[in-house]
Every structure is written in C-alpha cells, then in structure tokens.
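Student: Please build the complete structure, drawing on both the sequences and the hints.
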Amino acid sequence: MTTDQKNELDIAINLLKKAAQREQTTRLLLAIFLLGSGLGLLYFFFEQSTLFSIAGLVMLAFGIHLSYLYFRFRDISRLPVFQKLKYQPKTIAWIYTLLHQQMPYGFQIGKNAIMYFKLVDGDEHSVKVDPKRAEVISAGLNHLLPHTTFGYTKEREERYASAPASLVKPVDD
Numbered sequence: 372m373t374t375d376q377k378n379e380l381d382i383a384i385n386l387l388k389k390a391a392q393r394e395q396t397t398r399l400l401l402a403i404f405l406l407g408s409g410l411g412l413l414y415f416f417f418e419q420s421t422l423f424s425i426a427g428l429v430m431l432a433f434g435i436h437l438s439y440l441y442f443r444f445r446d447i448s449r450l451p452v453f454q455k456l457k458y459q460p461k462t463i464a465w466i467y468t469l470l471h472q473q474m475p476y477g478f479q480i481g482k483n484a485i486m487y488f489k490l491v492d493g494d495e496h497s498v499k500v501d502p503k504r505a506e507v508i509s510a511g512l513n514h515l516l517p518h519t520t521f522g523y524t525k526e527r528e529e530r531y532a533s534a535p536a537s538l539v540k541p542v543d544d
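Residue numbers (the numbering used here): 372 to 544.
Simulated from the structure, these hints should not be mistaken for laboratory data. All values reported here derive from a predicted model rather than from experimental measurement. It is possible that part of the hints are untrue.
Subject to a maximum C-alpha distance of 30 angstroms in a straight line, what follows is the list of computed DSS-like cross-link-like pairs (lysine-lysine) [said to hold, decoys possible]:
no., residue 1, residue 2
1, K388, K377
2, K482, K389
3, K540, K388
4, K525, K482
5, K461, K499
6, K389, K455
7, K389, K503
8, K388, K525
9, K499, K525
10, K499, K457
11, K525, K461
12, K461, K377
13, K499, K388
14, K455, K503
15, K540, K377
16, K482, K503
17, K388, K503
18, K503, K377
19, K540, K525
20, K525, K455
21, K377, K457
22, K540, K389
23, K503, K525
24, K503, K461
25, K388, K457
Quick list of simulated restraints, FRET-style, between CB atoms [claimed, not checked]:
no., residue 1, residue 2, range
26, G477, E528, 24 to 30 angstroms
27, L410, D494, 34 to 40 angstroms
28, D501, H436, 22 to 28 angstroms
29, Y414, R449, 32 to 38 angstroms
For every residue, glycine included, the Cβ atom is placed at its ideal position computed from N, Cα and C.
Tutor: Right under this line is the structure:
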C-alpha cells in the first residue's frame with residue numbers, strides 16, 4: 372500500500388468514526404429525552420392515569436435500553452463494524468451507500484446517507500454518514516478491503532440473498 376493510499380485509508384476511517392460518534396451522541400440525547408419524559412409522566416400521572424403511566428414506563432424502558440447501548444459502545448472502536456474492519460476484514464463481503472432525501476412537496480429539506488456493511492455470514496452493520504463524505508470513505512475502504520464488492524445493484528442484492536460469499540472477490544495476498 373502506497374503512502375497516498377495509507378493516507379486515504381486513515382482519512383476514511385476517521386470520517387467513519389466521526390459519523391459513528393455522531394450517531395452515538397444522537398443516541399445519548401434521545402436516551403436522556405426518553406428517560407426524562409418517562410420519569411416525568413410517571414411522577415405526574417402515576418395515580419391519575421394508567422395510560423400515561425404505561426407510556427412513561429415504555430419511554431423509561433427505551434431510554435434505559437438506549438443508555439445501555441450508548442455506554443456499551445461509548446468507545447467507538449468497540450462498535451461491531453470497527454471490530455470487523457480491524458480484526459476480520461475478510462468477513463465483509465459487500466459495502467454500499469444509499470442516499471435518502473427528504474423532499475416533501477418537491478422541496479429538499481434534508482439528505483443523509485447510510486453506509487451498509489454486509490458480512491459473509493449474512494449479518495449486516497450500518498453507519499449513517501455525511502453524503503458529501505460517503506465517496507471518500509468508500510474509496511479509502513476500497514484500499515483496505517480489495518476483496519469486498521462496493522456499490523449497490525439489484526443483481527448484487529439478489530446474489531447476496533442467495534449466497535453472501537459470492538460477492539467476495541478473489542485477491543492475491
């Protein structure tokens with residue numbers, strides 16, 4: 372691997388880590404909101420309304436679950452996708468990015484991209500990334516994962532559904 376490829380790979384991994392960190396921060400904020408709202412509903416409506424009490428308990432349960440996920444993967448490098456990239460890169464068969472645009476009434480109000488990591492065992496991981504950075508991340512990962520198929524097509528989706536390992540390209544070590 373050349374120096375330029377190494378730099379491109381480092382940039383791609385750092386961008387992917389920043390995107391995962393943003394997801395974690397969003398998860399934490401949502402957990403705090405759910406915990407606060409759930410406790411508030413329980414405190415104010417426990418004796419008056421069974422429905423609001425149940426809603427508070429449900430919000431509390433989801434808040435606890437999101438908190439658990441946040442603290443379990445507070446160190447971004449412990450996320451399964453980064454564990455696979457670092458320790459088992461040959462298990463990643465296919466990587467593609469899907470762009471999602473929110474366009475009510477024809478006006479674009481938002482755009483995001485989700486990068487999917489499909490594994491040989493049929494499992495998958497995803498990371499929400501900045502659409503402007505998705506190509507840079509894919510190009511950098513292409514150097515790290517020469518055996519992996521990049522990009523989405525309907526034919527690849529069908530191949531992956533029938534035999535995930537068929538998307539792994541043969542590479543001379």
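Student: All hints, please: hold or fail.
Tutor: Quick rundown of the hints versus the structure:
1. K388 <-> K377: Since the Cα atoms of K388 and K377 sit roughly 16 angstroms apart, the hinted pair holds (cutoff 30 angstroms).
2. K482 <-> K389: 18 angstroms, holds
3. K540 <-> K388: 26 angstroms, holds
4. K525 <-> K482: With Cα atoms ~22 angstroms apart, K525 and K482 stay inside 30 angstroms; holds.
5. K461 <-> K499: 22 angstroms, holds
6. K389 <-> K455: Holds. K389 to K455 sits at ~17 angstroms (cutoff 30 angstroms).
7. K389 <-> K503: Judged against 30 angstroms, a Cα distance of about 14 angstroms means the pair holds.
8. K388 <-> K525: 28 angstroms, holds
9. K499 <-> K525: Measuring from Cα to Cα gives roughly 21 angstroms; hence the hint holds.
10. K499 <-> K457: 19 angstroms, holds
11. K525 <-> K461: Distance of about 23 angstroms is within 30 angstroms: holds.
12. K461 <-> K377: Holds, at about 18 angstroms.
13. K499 <-> K388: 11 angstroms, holds
14. K455 <-> K503: 24 angstroms, holds
15. K540 <-> K377: Holds. K540 to K377 sits at ~21 angstroms (cutoff 30 angstroms).
16. K482 <-> K503: 10 angstroms, holds
17. K388 <-> K503: 15 angstroms, holds
18. K503 <-> K377: The hint holds at about 21 angstroms.
19. K540 <-> K525: 18 angstroms, holds
20. K525 <-> K455: Given pair K525, K455 holds - Cα atoms ~25 angstroms apart, limit 30 angstroms.
21. K377 <-> K457: 15 angstroms, holds
22. K540 <-> K389: Satisfied, since the Cα-Cα distance of roughly 29 angstroms is no more than 30 angstroms.
23. K503 <-> K525: Answer holds: K503 to K525 is near 24 angstroms, not above 30 angstroms.
24. K503 <-> K461: Given that 30 angstroms is the threshold and the Cα spacing comes to 27 angstroms, the pair holds.
25. K388 <-> K457: Roughly 13 angstroms separates the two Cα atoms, so the pair holds.
26. G477 <-> E528: 24 to 30 angstroms: 29 angstroms, holds
27. L410 <-> D494: 34 to 40 angstroms: Holds, at about 35 angstroms.
28. D501 <-> H436: 22 to 28 angstroms: 27 angstroms, holds
29. Y414 <-> R449: 32 to 38 angstroms: Between Y414 and R449, where Cβ atoms are some 35 angstroms apart, the hint holds.
In this structure, none of the earlier numbered hints is contradicted; all agree with it.
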